[in-house]
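Undergrad: Each chain is listed here by its residues.
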Amino acid sequence: MTIKNALRDHGQRYRPRMACLKKAEKVLLEMQDPCTGVKSQPQRLVITIIPHAITGEDIIAWLADRFQVEAQEARSLGSMLVSLGYIYPLQDHKNLVIKPDASLYRFQTPYFWPTQQWPVEDTDYAIYLAKRNIRKKGMLELHEQEQYNHLHKWMNHKWDFIVMQAKEQYRAAKERKKPDRVVFDCQERAYWVVHRPPPGTVSAMDYGPERRTDPNADETQTPDDYERIMIFTQQSIMRPRVKSSVSIGALVKYCSTYSGHDPFLSKCLPSNPWLTDDTTFWALNMPNVEIPTKMRVERWTFSFKELLSDPRGRDDFRLFLKKEFSGENLAFWEGCEDLKWGTAVAMKEKAEHIYKTFLARGAPRWINIDGKTMEITVKGLKHPHRYVLDAAQTHIYMLMKKDSYGRYLKSPVFKETLKKAICPDEHRFNEVQLEQNARNRRPSLSPIIIRQQEQEQRAKMAASAPVDITQLCRFTTPVPHLAVYSGIPDPPSATASPSLPFLAHTPVCPSPISVALDSTSASERRLEASEGEGKTEAQAPDGGSLSKSRMALSLRRLLKRGCSPSAMFASLSPKCHTAATTSSRIQPITPEEPSHAPPRRIGK
Amino acid sequence: MPLVNNKVGDDCTASGDKALADGQALVDSLIKVVACYRHLASCVGGSTDNLQLRDELRQTREKAQKLAGDICNHLTTHLRDKSLPEGQRKEMELLWVAFSSSLELLHVDMCKVWNMSGIFSLADSSSLVHTGVEGGCSEVAARALSLPDMNEAETKTLPEGLESQERNTMELEINQIDRMIDDMEMKVNVLRWMVEPHGPQYADPLSSTDSASMALVPVDEEQQATGSQALCQRSHIFVLLLLFGVIFVAATLSVCVFLFS
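Keeping their order, the protein sequence lines are chains A and B.
Under our numbering, the letters of the first sequence match residues 3 to 606, in that order.
Under our numbering, the letters of the second sequence match residues -12 to 248, in that order.
The following block holds chain B by itself, in its conformation from the complex:
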């Protein structure tokens, strides 16, 4: 590292921060894409499995791989840079851990999809499992690809005969991810037990309206079973009574006013 005067030092830290922010953004988007990919993968073999789903899977996969490649280069160069200050190095290592975990998840999902697409060929749609899913996952794919609307990204439907070709491509991609993970481990030595996370143990619950609607349906069955529905009904009745009481009071007051005026 050459002689550092203040100006250069500031630049370095500034650029380091920028690199960190860049890396963070990239990793965040990779995590998002991997999450969406998982949702898409869960539909494979089910009742909504069709060419469009496979296409969406492919696009999401490509995006994920592109992101992965970018992050790999970015993080590798920065972590191999010995001049990185300690705080930034720690942050980079955190990003590194997040990146490698996302890659692993992606790898697993890709293997599963590859396997399942071998079993559930789209040609024979009678053997698709009736999973109860009806709508497609286009919105999820749109989120993954950061597009406002899936229609823009809709490509021509693949002809049937290219299914095997697609499988081969996927195999290549899986191997590529394999190699990337290997390379990562070889080039950069991150001691995982030294990495300390920032965040809390529990993720903060998101907005309550969402939770209410989300809680409604799946828990509803349990509520029916446990019989706490009675409680809900009681609370509903109480609210209704209160409402009627208020209306009644308002009505009497208005009548009084009318009579006395």
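Bound-form chain A, shown alone:
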């Protein structure tokens, strides 16, 4: 479909990088001067003689003389004129360069000059291809054939017109004299070689996106413009501001931290692949490499974000958390990321899966977030969307950052990785080796394959997910009457009753978890249902005596309350934290914490 505006916009499409066209035209006009211009000679074809052919060496000599430059530069200037389409070669018409010998060229007629105002139209191209087909069937090359078919599909409605116009142009051309006909054919062919280059050739007409306004034209300010300026400045005043000392300080700190890691500002070990064509650097820094480089490990110490964003760092952190039996935090965080960035189709299932695995009461890998966040999240999960787990994710992220990250940096896992990290030597290539590297360049693994590998790894990890010890405990078997997304529907009695069998069983068969749970209140028990694990094994002998009394107390409290679970959580959690922790939101359950648990519970 013809875009009307394109044809009638009187040059409103501007190609900013084509400012050279006007200058090239001036040079062209100078070349025409009969006295000082380029000397022309007639071209002899089989029967006809066509004038105004110029040799490549003449052009180059003229350019060198006119601009007082070296022959090499004149040659590249001449090649530019040819590639832009102002001069076309008579032999070897597809190769748009100037050859510094007696090969012949001719000036292109101004109708076919590439100036800014006239965009090259597909209709014209279709007519040209149809004309060539009329002249001799099967004369179109493969890429032209493809283009022809493509245009036939796109401009189907005017195909009759195109064919008719091609025929008429062909017949009109036959009215002309033979040499002129030949010249016109050459001109048209040269025009289309420039503007529809065969695939694989570099085109000088690649000028990037077109602009609707002329960047060189004067801008007139309308009242509407001023109004917009006013609105913009008003909004800028209302923006929150930071003291420049603070922001500059942050910038300076960032620069000083990262300057050693910037391949532009400092050395890139072993060598910058873009400069030396040696891909060792990339091979050493692959996402799933066994032994990371020292620089990479150093980056992990800059901030938690760095650690998490580097896949190798995340693996290391995961290993550390596995040793500490708090891997569910990272797993939950990764699940939330997956939900946020995944496809919309799988969103509902993913949210459900995450809820079942991490958030539900009695979930196998239950994470410890405060009551309010849990309430918001569970309520939001009724109508899941991409960011429904955002609050919980932020909570867990801050939890990991404030607590686990610090311990990770002091942990033996990290120290081990740091010790094993390699520091490659710098490459020192000489000229010959550099050339050899350039010759041996090979494409890297296709990103499709890399993505497949990542997916396989993820599947493997999901299959062999860390089986937390709590999974074996009856406390963590999913309670059947609890539906997913139950939110706050369950009557308190229902919640109380499941706890009863739990509590009833504890004296009978004291599993390690039960002992641990005994040392905390019932509410904490629920929160920690999956959390107990081995870390509390150590605490087992400690809390044994206090267990029964506290158990009974908490049970009575539960039955007295009869309120909804989440409200119960909410009401209980502040009470539980009178002593130690400052914020009621964070209840970090870490190996050290259970030891604090008994004293905390005492103060109710």
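Please keep in mind that the hints were generated in silico from the structure rather than gathered at the bench.
Treat the hints loosely; a few may be bogus.
Partial list, computed: chain A residues near chain B (C-beta under 10 angstroms) [claimed, not checked]:
1) LEU31
2) PHE163
3) VAL184
4) LYS374
In the DSSO-like style, the derived pairs of lysine-lysine whose C-alpha atoms are separated by at most 27 angstroms in a straight line are [as the list claims (entries may be wrong)]:
5) LYS138(A) x LYS53(B)
6) LYS5(B) x LYS155(A)
7) LYS174(B) x LYS169(A)
8) LYS50(B) x LYS179(A)
9) LYS176(A) x LYS138(A)
10) LYS176(A) x LYS5(B)
11) LYS5(B) x LYS169(A)
12) LYS53(B) x LYS174(B)
13) LYS180(A) x LYS96(A)
14) LYS169(A) x LYS77(B)
15) LYS325(A) x LYS404(A)
16) LYS69(B) x LYS176(A)
Residues from chain B that keep clear of chain A, each with C-beta distances beyond 12 angstroms, as calculated [to be verified]:
17) LEU66
18) LYS69
19) PRO72
20) ASP96
21) ASP111
22) GLU150
23) LYS174
24) LEU178
25) ARG179
26) PHE235
All C-beta atoms in this analysis are idealised placements derived from N, C-alpha and C, irrespective of residue type, glycine included.
With chain A's structure known, arrange chain B on it following the hints.
TA: The following block gives chain B in isolation, referenced to the frame of chain A:
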């Protein structure tokens, strides 16, 4: 639409067909004129640019505009006529598409010529580009104007000072075409994606003698480059040998006849 009895119906379709044929003829001639105009425009600024060319351009332009005006009226009236039967409407729409495309091509060519005539003033003939074209385009102009000979249409040469006036006229004409295109779009709503062409995807190649002579010169350079000339030479030699063989046989037969008779 009033009550239609058979007689009136036949008349309607007959008149509709006639209108269609008229429209087709007009559009065909417009396409021809636009094609010729393009050829003329390609000579502007080149070595054969002269007053005569500009004059021919002007005449072709006028003819094109006249045709365009006629077609516009014709097609607009028919397409706005709601009583047009479906088949004829489709044909009319095809004509409409062809007409609008020709107008667009004409518009582009006119803009280019206007631009180039600004750059290449005939007063300064030293800056005309040596394009290698020698002969004029009078025959093409004659074809456009449907005249047997250009001499009949040759008018007095324009005096130099009227070049700027000519440019102004051209500007007006371009604006006029602009407005015509706008009006067309406003008055008649033709859904371009509903229009289906009749013709084949590939235009039929014209007579082979033409193609042979046409193929000779421009492709010749490539043939020299690709070296397929050897093949041609071989085929030529074969033909010559055959000819000689035939002549030889004829000669021997005649000698035998002479000897034996």
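Undergrad: Work down the list of hints and note, for each, if the structure agrees.
TA: Evaluation of the provided hints:
A hinted interface residue such as LEU31(A) counts as satisfied when its beta carbon comes closer than 10 angstroms to some beta carbon of chain B; here the least separation is about 5 angstroms, so the hint holds. For the restraint placing PHE163(A) at the interface with chain B, the shortest Cβ-Cβ distance is roughly 4 angstroms, inside the 10 angstroms limit, so the hint holds. Below 10 angstroms, beta-carbon pairs count as interface contacts, and VAL184(A) has one with chain B at about 5 angstroms; its hint therefore holds. The criterion of a C-beta within 10 angstroms of any C-beta in chain B is not met by LYS374(A), whose closest approach is roughly 57 angstroms, and the hint is violated.
Of the pairs offered as hints, the one joining LYS138(A) and LYS53(B) is violated, with about 35 angstroms between alpha carbons and a cut-off of 27 angstroms exceeded. A threshold of 27 angstroms between alpha carbons decides the hint, and for LYS5(B) with LYS155(A) the separation of about 31 angstroms lies outside it, so the pair is violated. Distance restraint check for LYS174(B) and LYS169(A): the Cα-Cα separation of roughly 31 angstroms exceeds the 27 angstroms cut-off, and the hinted pair is therefore not satisfied. With a CA separation close to 24 angstroms, the supplied pair LYS50(B) and LYS179(A) stays within the 27 angstroms bound.
About 15 angstroms separates the Cα atoms of LYS176(A) and LYS138(A), which keeps this hinted pair within 27 angstroms; it holds. Restraint check: the Cα-Cα separation between LYS176(A) and LYS5(B) comes to about 32 angstroms, which exceeds 27 angstroms; the hinted pair is violated. For the suggested pair LYS5(B) and LYS169(A), the alpha carbons sit about 25 angstroms apart, so the restraint of at most 27 angstroms is met. Distance check on the hinted pair: LYS53(B) and LYS174(B) sit about 20 angstroms apart at the alpha-carbon level, within 27 angstroms; holds.
At most 27 angstroms may separate the alpha-carbon atoms for a hinted pair to count; LYS180(A) and LYS96(A) meet this at roughly 23 angstroms. Restraint check for LYS169(A) and LYS77(B): the C-alpha separation of about 23 angstroms stays at or below 27 angstroms, so the hint holds. Straight-line distance between C-alpha atoms of LYS325(A) and LYS404(A) comes to about 18 angstroms, which keeps the hinted pair within the 27 angstroms bound. Annotation: proposed proximity of LYS69(B) to LYS176(A) is violated, straight-line Cα distance about 43 angstroms (limit 27 angstroms).
Here LEU66(B) stays apart from chain A, with its beta-carbon at least about 15 angstroms from theirs, past the 12 angstroms limit. For LYS69(B), the condition that its CB be more than 12 angstroms from all CB atoms of chain A holds, with the nearest at approximately 22 angstroms. Even its closest Cβ contact with chain A, about 20 angstroms, leaves PRO72(B) beyond 12 angstroms, as expected for a residue assigned away from the interface. Under the 12 angstroms C-beta cut-off, the non-interface status given to ASP96(B) relative to chain A is violated; the minimum distance is some 9 angstroms.
With a least CB separation of 10 angstroms from chain A, ASP111(B) falls inside the 12 angstroms interface cut-off, contrary to its annotation. Consistency note on GLU150(B): stated as away from chain A, and its beta-carbon is indeed over 12 angstroms from all of that chain's, at 17 angstroms minimum. With a minimum CB-CB distance of about 15 angstroms to chain A, LYS174(B) clears the 12 angstroms threshold, and the non-interface call stands. Not every beta carbon of chain A lies more than 12 angstroms from that of LEU178(B), the smallest distance being close to 9 angstroms; the non-interface claim is violated.
Non-interface status of ARG179(B) relative to chain A is broken: a Cβ of that chain comes within 12 angstroms, the nearest being about 5 angstroms off. For PHE235(B), the condition that its CB be more than 12 angstroms from all CB atoms of chain A holds, with the nearest at approximately 31 angstroms.
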